[in-house]
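Student: Residue 22 is where the sequence shown starts when you use the working numbering, and the numbers rise one by one after that.
These aren't lab readings, by the way, just hints derived from the structure by calculation.
One thing to keep in mind: the hints can contain errors.
Now the in silico label distances, taken between C-beta atoms and shown as ranges [said to hold, decoys possible]:
#, residue 1, residue 2, range
1, Gly44, Leu65, 28 to 36 Å
2, Gly44, Pro69, 28 to 36 Å
3, Lys35, Pro79, 18 to 26 Å
4, Gly55, Asp80, 27 to 35 Å
5, Pro82, Ala56, 15 to 23 Å
Result set (BS3-like, lysine-lysine): computed pairs, CA atoms no more than 27 Å apart in a straight line [unchecked claim]:
#, residue 1, residue 2
6, Lys35, Lys48
7, Lys35, Lys66
8, Lys61, Lys35
9, Lys48, Lys66
10, Lys48, Lys61
All C-beta atoms, glycine included, are put in the ideal place defined by N, C-alpha and C.
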Amino acid sequence: MIEVWTWPTPNGHKVHIALEELGLAYKVIPVNIGAGQQFKPEFLKITPNHRIPAIVDPDGP
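Could you put together the complete structure from these sequences and hints?
Tutor: Shown next, in the form of structure tokens:
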């Protein structure tokens, strides 16, 4: 299942819309940017530029 690391922002909503339109299963992992969670080590492993949204596709590269 695709993991979407995101927060309810305009860019975060775009990913939800695209995945829903494509009919793909996904799991939302909230990243509270107001609390600085985008700078935590576990998130930086996924996207070193600390930006949301980030997608992890287990079937991808």
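Student: Now tell me, hint by hint, if it's right for this structure.
Tutor: Status of the hints after comparison with the structure:
1. Gly44 x Leu65: 28 to 36 Å: Holds, at about 31 Å.
2. Gly44 x Pro69: 28 to 36 Å: holds, 30 Å
3. Lys35 x Pro79: 18 to 26 Å: holds, 22 Å
4. Gly55 x Asp80: 27 to 35 Å: For Asp80 against Gly55, whose Cβ atoms are near 32 Å apart, the range 27 to 35 Å holds.
5. Pro82 x Ala56: 15 to 23 Å: Since Pro82 and Ala56 have Cβ atoms about 31 Å apart, the given range 15 to 23 Å is violated.
6. Lys35 x Lys48: holds, 15 Å
7. Lys35 x Lys66: With Cα atoms ~23 Å apart, Lys35 and Lys66 stay inside 27 Å; holds.
8. Lys61 x Lys35: holds, 23 Å
9. Lys48 x Lys66: With Cα atoms ~18 Å apart, Lys48 and Lys66 stay inside 27 Å; holds.
10. Lys48 x Lys61: Distance of about 19 Å is within 27 Å: holds.
The structure is inconsistent with hint 5 alone, although it conforms to all the rest.
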